[in-house]
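Protein chains: 2
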Amino acid sequence: MKVVAVIMAGGRGERFWPKSRSNMPKQFLSLTSDGKTMIQHTVNRIKSLIALEDIFVVTAVSYRELVKEQLPEIPVENILLEPVAKNTAPCIGLAAAYIKEKYEDAIMIVLPSDHLIKYNELFVDTLKDAIKVAEEANNMVTIGIMPSYPETGYGYIHFGSRKENTQGNVYEVVNFVEKPQLELAKEYLALGKYLWNSGMFVWKVSTILNQFEEFLPKMFIGLQEISKALKIGDMDEVENQFRMFDAESIDYGIMEKAKDIYTLPGNFGWDDVGNWLAIERINKTNEDNSVVKGNVITIDSKDMIIEGGEKLIATVGINNTIVVDTGDALLICSKDKTQDVKKVIENLKICNRREYL
Amino acid sequence: MKVVAVIMAGGRGERFWPKSRSNMPKQFLSLTSDGKTMIQHTVNRIKSLIALEDIFVVTAVSYRELVKEQLPEIPVENILLEPVAKNTAPCIGLAAAYIKEKYEDAIMIVLPSDHLIKYNELFVDTLKDAIKVAEEANNMVTIGIMPSYPETGYGYIHFGSRKENTQGNVYEVVNFVEKPQLELAKEYLALGKYLWNSGMFVWKVSTILNQFEEFLPKMFIGLQEISKALKIGDMDEVENQFRMFDAESIDYGIMEKAKDIYTLPGNFGWDDVGNWLAIERINKTNEDNSVVKGNVITIDSKDMIIEGGEKLIATVGINNTIVVDTGDALLICSKDKTQDVKKVIENLKICNRREYL
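Quick mapping for you: the protein sequence lines, in order, are chains A and B. Under this note's numbering, think of the first position of the first sequence as 864, with each following residue one higher. Under this note's numbering, think of the first position of the second sequence as 864, with each following residue one higher.
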């Protein structure tokens, strides 16, 4: 069966402020030393598996030009537009409707656009195993990540028995669970039966549309209308239907309720690059245990993350601090307060200083 | 006797980097909330005592336009130019030669251009007392400052007996001593007989020229040549002679060797604004005990000194830190490391990055 990929690239990623902005969110930034952006990495790592004309990108209308610019090899008709942000269920439903229209049915790999993976070959092998599981029946497959600490910012996948006679490591999913409190997260780790939910899925288009019909029937009707509109090229109607969708995540809307889900514990150096601290995980540190980019002089400064540009940045006697300088905004944040960057964003929103968002 | 003031404004003030630059040093910066620059404050506080046409400014050729711009009320012919920086003795000698040419003799008040004084009236009263002492004989008068802590960055004045039958607080100077080590500075404070040397002097032009003749005879000959050249308006010769001077401080060249020196212990809220820490002494702190200027959002940040401009500066969980943002350079410095800002300057000099100096 034809295999296609759907890259979700509509996120507004506020945790990388001030470099990530509403007009230039994280998936379009280069946070690695190779100069490639997150979405470019996402496409590159599946190129060996999926033909370029079978890679679809779902993004906001306002990011269309960014996608065209950064992914010139992707056919423009594969850039699917969300007129408004409605979370992952409508995004995936829209893509399913498009792919159904083009190929009737296909295996559909759903990928976030702003994660990093170190071992691409192992990742692709994992996807290949997932494709086989999705192909053999109406199974839904999710790629889990072996937790390395009790993260409270991710959902978890409770897995059960191993799937017999199957290539790779494939396990039945007992259930999806929402982001836990710290104590519960610790318990999940101790139990050895929980994986992080990475937001990467593999299933047939027909399978996922069946799930919409069962668990999100109202949205399914809208998707049918979208299919009709696509047949006659009525893009205004596609947009109208999309606008009427409720905002809903695929996890809450379908995965937490569905059956016949399998998970593959991914083991390929995954990083969701969730905030500025990720920079020191995904880049080499220098002799001061710092990651420094730009025109920087550090005096007596260790364990820094400095993301500058042309402007000279001099630090004197500063440790454990994140410095991010952009043309119009500068962030200086203690490494143990990265979660409070959102307070800056809140402040900017309250004061309606949209130019900085 | 005519009283004139000589404001020394040739300094390159590196300790306020990156705001202070070789093309815009500290004396031309506004570091107070009233928007007035240091040199404007210097002129304003003596206006009641000295006519504007009797205020002279000695500065570098490259600062001439800055002086004209910031002190439009000072006659341009009162801006005396040092073709090269030669420390304070040549600077004061040059001014003495000019004033001698204009007035034959006069009381000459020598003032740095980059200090702040809180109680201007008390300061002017002190100068008035000093003028009387300088007028009555060939006395040299220096304004001392009551030390508030064992500073090792200033020279000290060892004072002796009180001068009898004299208005104000006037003491004989036993000797000038150079910048002490910390232990010695502590001893000076304990002894109660030492004042800080503020670099403010009052003397007759004839008196200081006599001192040049005695202690810096080679420089004195040069000053005589300058006088001759001034008479015929040969400014090239003035410049030539100045270039030949040895670099020498007035403290080391004359004050440490001379007799008949008196000091007045100044008590008028003096601050030499020696480094960025001064900003919190001379400005009001906010509810976070911070001094903040510019477009700033602070989250969970206390005891900060932030000197910004239009660019948004957001600090999150940062304390006791100095942040100075300018168009092309940003300094982030721990408050207890302000002395190491000079290491940044050294680094820039070694790498010949003159654009940042």
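Honestly, I wouldn't trust all of these hints.
[To be verified] With a cut-off of at most 30 angstroms between alpha-carbon atoms, the simulated DSBU-like pairs for lysine-lysine come out as follows:
id : chain 1 : residue 1 : chain 2 : residue 2
1  : A       : K981      : A       : K1198
2  : A       : K1094     : A       : K1042
3  : B       : K1198     : A       : K1198
4  : A       : K1156     : B       : K1120
5  : A       : K1147     : A       : K899
6  : B       : K1206     : A       : K1212
7  : A       : K1174     : B       : K910
8  : A       : K882      : B       : K1156
[Unchecked claim] Now the stretches of chain A that chain B is said to cover, found in silico as 3 or more residues with beta-carbon under 8 angstroms:
id : region
9  : 1143-1150
10 : 1158-1164
[Unchecked claim] One-sided and incomplete, this derived list gives chain B residues near chain A with beta-carbon spacing under 8 angstroms:
id : residue
11 : Y1017
12 : E1150
13 : D1163
14 : G1180
15 : A1192
In short, the hints are calculated from the structure, not lab data. Glycine is no exception: its CB is placed at the ideal position from the N, C-alpha and C atoms.
Okay, the hints, checked on the actual structure:
In summary, the hint linking K981(A) to K1198(A) is supported, as the alpha carbons are separated by about 24 angstroms, within the 30 angstroms threshold. For the suggested pair K1094(A) and K1042(A), the alpha carbons sit about 39 angstroms apart, so the restraint of at most 30 angstroms is broken. The suggested pairing of K1198(B) with K1198(A) holds, with an alpha-carbon distance near 19 angstroms, which does not exceed 30 angstroms. For the given pair, K1156(A) sits about 54 angstroms from K1120(B) by alpha-carbon distance, which is inconsistent with the 30 angstroms threshold.
Pair hint K1147(A) plus K899(A) holds up; C-alpha atoms about 16 angstroms apart against a cutoff of 30 angstroms. Simply put, K1206(B) and K1212(A) have alpha-carbon atoms about 40 angstroms apart, too far for the 30 angstroms limit, and the pair is violated. The straight-line distance between the Cα atoms of K1174(A) and K910(B) is roughly 41 angstroms, outside the 30 angstroms bound, and the hint therefore fails. Of the supplied pair hints, the one linking K882(A) and K1156(B) holds, its CA atoms being roughly 23 angstroms apart against a limit of 30 angstroms.
Using a Cβ-Cβ cut-off of 8 angstroms, 0 residues of the region 1143-1150 of chain A lie near chain B, which falls short of the minimum of three, so the contact claim is violated. Coverage of the region 1158-1164 of chain A by chain B holds. Counting CB-CB distances below 8 angstroms, 3 residues qualify, and the rule asks for three or more. Violation of the interface hint for Y1017(B) is found here, the shortest Cβ-Cβ separation to chain A being roughly 23 angstroms, above the 8 angstroms cut-off. Interface hint status for E1150(B): violated, as the beta-carbon distance to the closest one in chain A is roughly 16 angstroms, over 8 angstroms.
Look at D1163(B): its Cβ gets to within about 6 angstroms of chain A, closer than 8 angstroms, so that hint holds up. Hint on G1180(B) holds. Least Cβ distance to chain A is approximately 3 angstroms, under the 8 angstroms limit. At a threshold of 8 angstroms, the smallest CB-CB gap from A1192(B) to chain A is about 4 angstroms, leaving the interface hint in force.
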